[in-house]
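Chemist: With the hints as constraints, model all of the structure from the sequences given.
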Amino acid sequence: SDVCAIGYYHKNEGYEDPTISKRVRNTVRNIARKSTPPSQISRPIREKELVHMIRALPGGLEDGLKTGGTGKSPSIRAEADRLRGIRDRALLLVLFNGALRRSEGARIRCSHISITDQGLEVFIPESKGDQVHEGQSVCIRRAESEELCATRELQRWLQEASITEGSIFRPVPHSGNIPAKARGPICGTTVNRRVKLAAAAAGLNAEEVSAHSLRYGHLVTAAEEGASLADLQRHARHSDPQTTSRYI
5 SDVCAIGYYH KNEGYEDPTI SKRVRNTVRN IARKSTPPSQ ISRPIREKEL
55 VHMIRALPGG LEDGLKTGGT GKSPSIRAEA DRLRGIRDRA LLLVLFNGAL
105 RRSEGARIRC SHISITDQGL EVFIPESKGD QVHEGQSVCI RRAESEELCA
155 TRELQRWLQE ASITEGSIFR PVPHSGNIPA KARGPICGTT VNRRVKLAAA
205 AAGLNAEEVS AHSLRYGHLV TAAEEGASLA DLQRHARHSD PQTTSRYI
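Under the numbering used here, the first residue of the sequence shown is numbered 5, with each subsequent residue one higher.
With a straight-line cut-off of 30 Å between C-alpha atoms, the simulated DSBU-like cross-links for lysine-lysine are:
| # | residue 1 | residue 2 |
| --- | --- | --- |
| 1 | 132 | 200 |
| 2 | 52 | 200 |
| 3 | 132 | 185 |
| 4 | 200 | 185 |
| 5 | 52 | 132 |
Bear in mind the hints are in silico, worked out from the structure with no lab data behind them.
Modeler: This is the structure:
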């Protein structure tokens with residue numbers, strides 16, 4: 005309403021409307037985004053809740069669906085569900101441990117990752133916080149708990165889906181046969197939906213959480229464990245420390 009009023013009075017006095025410029029529109033949009041606390045968007049997903057979400061997904065090593073686990077081959081539908089579960093498990097852990105935005109996680113390609121003994125390094129070529137478009141790197145250490153190790157689960161997904169190039173988090177068709185060359189990655193909307201489905205399967209209120217809850221939960225957890233504001237800002241790749249402080 006303030007922007008409209010400014011534009012109205014300028015035009016009424018015979019001046020050019022300054023609010024139609026791209027710079028002003030972007031400024032107003034950023035003010036609106038920064039003035040909305042994360043808690044009004046979604047609540048953080050805590051590590052204990054993430055464990056329940058991971059366990060609720062199909063495709064666990066103990067679920068017996070994998071060929072040889074029960075002595076008989078899984079059905080086509082069961083195999084597709086199993087692969088989606090393995091993919092989603094890796095996706096959730098990468099988003100949480102890397103404090104990634106959903107769009108960043110969805111667009112990860114094989115050429116963007118480096119797996120070492122220490123863990124996983126992910127290159128983010130484009131990001132909302134990357135104002136100069138140089139690209140940013142995120143390091144994800146191997147977790148002591150195998151259940152929460154993003155590197156381990158990502159390697160398992162790549163092996164199960166036989167992915168060696170292109171998009172990592174790609175759609176799984178009903179046939180369960182993932183093409184060697186995918187048309188493209190899953191979209192941010194799909195990431196959000198898969199997080200909500202995992203939350204519902206774990207008995208959580210899916211309406212309260214979103215993909216952003218994983219990024220939010222990581223920052224809150226790290227802050228509670230004593231991480232400094234500077235460390236949190238660096239890992240979240242926020243250009244403004246005030247943005248980071250809203251999370252903690």
